[in-house]
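Chemist: Between the sequences and the hints, there should be enough to build the whole structure, so can you do that?
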Amino acid sequence: MNYLLHLIVYFDIYLIVALSLNLVVGYAGLLTLAHAGYYAVGAYAYALLSVNLDWGFVPAVAVGILVSAALSLAVSLCSWRLKGDFFVLASLAVQALIFSALYNWHSVDAPLGSLRNLTNGPFGIVGIHRPSLFGYSIVSPIAMAAFASVVAALCALVVWRLSDSSWGRVLVAMREDELAARGLGKNTRLLKVQVFAISSGLVAIAGALYASHVRYLDPTSATLDESILMLSMVVVGGVGNFRGPFVGAAILVGLPELLRFLSLPDAQAANLRMLIYGLMLILMMHFRPQGVAGEYRVE
Amino acid sequence: MQIWVNGLISGASIALLALAFQAVYLPTRVFFIALAGIYAAVPFVALSLLDATGTWWLTAPVAVMAGLSLSLVAERAIHLPLEKKGAASGAQLIASLGAYIVIVQAVAMIWGNDPKSLRRGLDSVSHLGSVIVTGAQWVSLIGATAAIGAFLIFLRRSDLGLRLRALADNPLQFALYGHNVHRYRLLSFAVAGALASIAALVSAYDLGFDAHTGLHAILLAVVAVIIGGRSTFIGPVVGGLILGLLRSQVVWHMSARWQEAVSFGLLAVVLILFPHGLLGRRQRLEAE
Chain X
262 MNYLLHLIVY FDIYLIVALS LNLVVGYAGL LTLAHAGYYA VGAYAYALLS VNLDWGFVPA
322 VAVGILVSAA LSLAVSLCSW RLKGDFFVLA SLAVQALIFS ALYNWHSVDA PLGSLRNLTN
382 GPFGIVGIHR PSLFGYSIVS PIAMAAFASV VAALCALVVW RLSDSSWGRV LVAMREDELA
442 ARGLGKNTRL LKVQVFAISS GLVAIAGALY ASHVRYLDPT SATLDESILM LSMVVVGGVG
502 NFRGPFVGAA ILVGLPELLR FLSLPDAQAA NLRMLIYGLM LILMMHFRPQ GVAGEYRVE
Chain A
1335 MQIWVNGLIS GASIALLALA FQAVYLPTRV FFIALAGIYA AVPFVALSLL DATGTWWLTA
1395 PVAVMAGLSL SLVAERAIHL PLEKKGAASG AQLIASLGAY IVIVQAVAMI WGNDPKSLRR
1455 GLDSVSHLGS VIVTGAQWVS LIGATAAIGA FLIFLRRSDL GLRLRALADN PLQFALYGHN
1515 VHRYRLLSFA VAGALASIAA LVSAYDLGFD AHTGLHAILL AVVAVIIGGR STFIGPVVGG
1575 LILGLLRSQV VWHMSARWQE AVSFGLLAVV LILFPHGLLG RRQRLEAE
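Sequences listed follow chains X and A, in order. Letter by letter, the first sequence follows residues 262 to 560 in the numbering used here. Letter by letter, the second sequence follows residues 1335 to 1622 in the numbering used here.
Because the hints were derived from the structure by calculation, they are not lab data. Please note: incorrect hints may appear among the correct ones.
In silico DMTMM-like cross-links for lysine to aspartate or glutamate, where the CA-CA straight-line distance does not exceed 20 Å [said to hold, decoys possible]:
(1) X:Lys447 <-> X:Glu437
(2) A:Lys1418 <-> X:Glu439
(3) X:Lys344 <-> X:Glu437
(4) X:Lys447 <-> X:Asp479
(5) X:Lys344 <-> X:Glu439
(6) A:Lys1450 <-> A:Asp1544
(7) A:Lys1419 <-> X:Glu556
(8) X:Lys344 <-> X:Asp438
(9) A:Lys1419 <-> X:Asp425
Modeler: Rendered as structure tokens:
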């Protein structure tokens, strides 16, 4: 039972990731590989504020969202001038910079969270507090699953309202033909800044949920492999509509569970899982470029 | 002086891999990330062959052929069918990413995740004035320079090289002149596979390898392509050398852990200030 609850929390985390990445990849049509960086920024913000200053979930996450949204300027400003493969590369550069900041911002003789040792580098942060709301700490697995589901539902509500609004329609217009959207007087540069800020803010929430659930955090959650995994999740699930991310997150959580029935040795199972993701990416691009439940084909 | 020499040697192997990437990117516009998988797989093939035969004269050519074949398989099974469907560049990139993941995970399942080395025992050392160069560094420098030189001369001097440049310049017009574009695409993938295999072997001989070295190497190579200029074949070579020299200076003046930040910071600066690279031809970004 606890195991099932644990899976629910993971599904909620991946769902938020997929929903937020879908805004950028699916609605704005910009392939980014920097998403894991912003996820980790949210996770680190929560971890540091909860461990060092004993902040509750809501204020710590709020700070995480703000920091992540502010840092998203690094990608959105690049998207003003670059597109296609070269935007992907620029996002990769941002990803590498965030990772090396998280990995290197430490020194052995300074306490965690000080200006000289902000992240504790490769040693990570241990003993992150469980989420606490209004003074109540969420401890039991069932409460955690319920809490994560409520947070994911709130995020889904935000994304749904946004994508259904006139703002979401301008986003799609920009994806289809940026020049035409600008010709109609839409400020596409502002739009790009907004969509990256919102998406990075949302994924920071997912990062904070992860940090508070696992209670340990190190820079591996900001690696390129994580970004690739996130991208493959939305590409396989489908982008450009509201259903796709749900399918993508379900596949990402469900696939390892199916592989359990094959009773492979542990080391092989992890490799096999990644191999299947890779195979799915190739097959999807060949036979269903819009993903299982998506509407938009990646350009 | 030692720092500059080290930078030059590591720059030469970055330049070789960058040239391999460019050999596919320029003629076909495929963002060939699967090259990272080939780069990771070839040293393992070489290691198995070396254990079986014990001689480099057989091992090296067969390992390069294996990398070349893998590259051809990627073209025929993945990129050409997508091209025929008129897939967008993003779709090619994602499919190539998928191919990379498949190759690397297959390698890890067959040979394991542990780091390995192609070199036995201690390395010989030679002194050039105050500069110390190891035997592996000589192999790396000579192998990379020879491969780069051979490919550039092939491009300039041979008929086939001329056609490859023509394909890179304007694929549509090249096809209209009656050339079989698919066959020349195959050639460009073969060249890329071979160059990447040589790059993989020399760096595995010098530094050792594991199943996951490929992506990092190819990312550096792509950074070199962008810095040098993505519309020429000489650009990646210049970019690779600059990157190698810069990275060795970072190790000397700051710390090895800031190498990545400086490399990718340079990428960001170049992308914003010189979007076409240092040697690239200027053209409108919308034209691509």
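Chemist: Could you work out which of the previously given hints the structure breaks and list their numbers from low to high?
Modeler: 2, 4, 9
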